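Number of protein chains: 2
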Amino acid sequence: MEPIILIHGGAGDIPQNRVKGKLDGVKVAVIAGHKILAQGGSALDAVEAAVLSMEDDENFNAGYGSVLNLRGEVAMEASIMRGEDLNAGAVTLVKDFPHPISIAYKVLTDSPHSFIGGEGAKLFALDKGFTTVPPESLISENAKNALEEFLQHGELGRTEIGMKNEGGVGTVGAVAIDKYGHIAVATSTGGMSGKAVGRIGDTPLIGSGTYADDNIGGVSTTGHGESILKYCLAHSIIKLMENGTDANTATKEAVTGMTNRLKNTAGAITLSKNGDVGIYFSSKRMSWAYIKSNKIFYGIEHNQILEDEYRPS
Amino acid sequence: MEPIILIHGGAGDIPQNRVKGKLDGVKVAVIAGHKILAQGGSALDAVEAAVLSMEDDENFNAGYGSVLNLRGEVAMEASIMRGEDLNAGAVTLVKDFPHPISIAYKVLTDSPHSFIGGEGAKLFALDKGFTTVPPESLISENAKNALEEFLQHGELGRTEIGMKNEGGVGTVGAVAIDKYGHIAVATSTGGMSGKAVGRIGDTPLIGSGTYADDNIGGVSTTGHGESILKYCLAHSIIKLMENGTDANTATKEAVTGMTNRLKNTAGAITLSKNGDVGIYFSSKRMSWAYIKSNKIFYGIEHNQILEDEYRPS
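Top line first, the protein sequences correspond to chains Z and E. Using the working numbering, you'd call the opening residue of the first sequence number 1 and step up by one each time. Using the working numbering, you'd call the opening residue of the second sequence number 1 and step up by one each time.
The set of hints was computed from the structure by calculation and includes no laboratory data. Watch out, some of these pointers could steer you wrong.
Copies of the same chain are indistinguishable here, so a pair counts whether it falls within one copy or spans any two.
With a Cα cut of at most 25 Å, we get these calculated DMTMM-like pairs of lysine to aspartate or glutamate [as the list claims (entries may be wrong)]:
| no. | residue 1 | residue 2 |
| --- | --- | --- |
| 1 | Lys263 | Glu84 |
| 2 | Lys263 | Asp214 |
| 3 | Lys273 | Glu253 |
| 4 | Lys27 | Asp96 |
| 5 | Lys263 | Asp110 |
| 6 | Lys27 | Asp276 |
| 7 | Lys106 | Asp214 |
| 8 | Lys263 | Asp85 |
| 9 | Lys273 | Glu136 |
| 10 | Lys295 | Asp246 |
| 11 | Lys292 | Glu141 |
| 12 | Lys144 | Asp308 |
| 13 | Lys273 | Glu242 |
| 14 | Lys95 | Glu73 |
| 15 | Lys95 | Glu119 |
| 16 | Lys95 | Asp127 |
| 17 | Lys106 | Asp127 |
| 18 | Lys179 | Glu301 |
| 19 | Lys273 | Asp13 |
Computed from a predicted model, the values in this text were never measured in an experiment.
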């Protein structure tokens, strides 16, 4: 089948001055993922590549540019899932590696476990040959400003609101289906500005931040983490599709259901096993992009679908 | 409505010499929970009380008696959820508190977050007035023997198998509905013998180990953690019930579905919002008990329902 990759760069009340950086960033990232699919690579490698690209880009709240906890530290988390056998890898409370998604991928392939946190994640990563970086090298000016603003007049869980001229950073995620029909999903985040030490959000939780099942589809979510994990947002979308709802309707229904029940916003991107696309967000904005039929489709506003020609080189 | 409490003491290949301790333990624990319901207390307080009782009982793999990681340490996790508003609290990588479930409960009531791990969970607990105990005071002889046996010829993820004369310890959980029709669920565990440092299992993950929704019902799960979290077992049961399947059928279908897909065993206990009971396990044994209509029902073998008279004092 035709391979497809669909990504997001985070849902939230993204300020206008952050829109361009995010749109540029999701286009770069979706191309990085699609190149792998176009060369016959796996959905897993494609979603990792797209997320890596956004982890390196300070326009996004993942890897470099992650927001800071109350102690001024980066504490990142990520998950990745393979739809063929439901195998999964996730890490949390990662402080000194630039690419949490690659450690999560290694958990999927090389660990008897699915989820490793804190000191254990570091020990696992070192054992698998990953190299630490100084934690402060992951801190961007934007992230410092976001914590400052949070400490002055912040509201927890609205990290991505980006008061004034800052913020607007967002969790990142990717869903892909490769030419063999295999689905994979990856999600990575720095969490929320001003979070407590040790706070774990929805991103590394299979069923909340990430879900992939070759028999149904794949979902990556973003938004208010505590609400997403209480609602099991990714799995809720999967279950609607399992019962016959199409990808777009399922995504909209579950995101809306969560926002109605829990009074916080979120967004999600979804691919069905047939390659149908679902994109919905109840927040003000969510950057997203996908490549299908030699076109890049992308957007960040409600009811906005921009489109560029794209020929894989 | 008539309050009900249903609990489990863990699924696994429990050896015969551990059967009596577990049956005695679940009867004590279910009474501890039911007393609160009978006095008009909340489902949340009832499930906490039942789980506390099992955390103190070395027959179970939670609190005192938790199994040990590869470094010979206890690292516990727990979650609790309120069906009225989907509010949840969870902790992981807790090393020196005797009652992880009470810290999880405090996360539910007092934190803007839902899930806190490691050092952060300790800081939160100390801030809320919990007192540490020496980590080694939580280690039982059985847990030490289980790690020894695992290191000699263990198979990860089969903790509860209890090779030879040991093991048979199990995750604990409770589901209750109070006289107001509110549902709560609590689950607590020491994880699996010989787990890696930092390993996080299904127990603290909302949707995997625990789920409660007043509009549908409540579920607590036990068994092979990595499989339960990949399958989102608790949420899968909830979604079957939401679509009209009764509690017992939903529990059996989802546990069987997980075991067929992922080739590992699990068990779950379920209450519907109407107070219907679901109990199923694909493992050799799972201890369980519930109190309804002045009787304690309990069992540990397949197709076994024992029954004692019970009058709340």
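Do the hints match the structure? See the list:
1. Lys263 - Glu84: Between copies, since 14 Å is at most 25 Å while 34 Å is not.
2. Lys263 - Asp214: Answer is between: at 17 Å across copies they meet the 25 Å cutoff, but 32 Å inside does not.
3. Lys273 - Glu253: both (19 Å within a copy, 23 Å between copies)
4. Lys27 - Asp96: neither (27 Å within a copy, 47 Å between copies)
5. Lys263 - Asp110: between (39 Å within a copy, 19 Å between copies)
6. Lys27 - Asp276: Intra 20 Å, inter 51 Å, cutoff 25 Å: intra-copy only.
7. Lys106 - Asp214: Classified as within; 21 Å inside a copy, 39 Å across copies.
8. Lys263 - Asp85: between (34 Å within a copy, 11 Å between copies)
9. Lys273 - Glu136: So Lys273 and Glu136 fail the 25 Å test inside a copy (41 Å) and across (50 Å) alike.
10. Lys295 - Asp246: Answer is within: at 22 Å inside a copy they meet the 25 Å cutoff, but 47 Å across does not.
11. Lys292 - Glu141: Intra 35 Å, inter 59 Å, cutoff 25 Å: neither.
12. Lys144 - Asp308: neither (34 Å within a copy, 62 Å between copies)
13. Lys273 - Glu242: both (10 Å within a copy, 24 Å between copies)
14. Lys95 - Glu73: Both ways: Lys95 and Glu73 sit 8 Å apart in one copy and 23 Å across, limit 25 Å.
15. Lys95 - Glu119: both (9 Å within a copy, 13 Å between copies)
16. Lys95 - Asp127: Both ways: Lys95 and Asp127 sit 16 Å apart in one copy and 23 Å across, limit 25 Å.
17. Lys106 - Asp127: Classified as within; 11 Å inside a copy, 35 Å across copies.
18. Lys179 - Glu301: neither (30 Å within a copy, 47 Å between copies)
19. Lys273 - Asp13: Close neither inside one copy (31 Å) nor across copies (37 Å); limit 25 Å.
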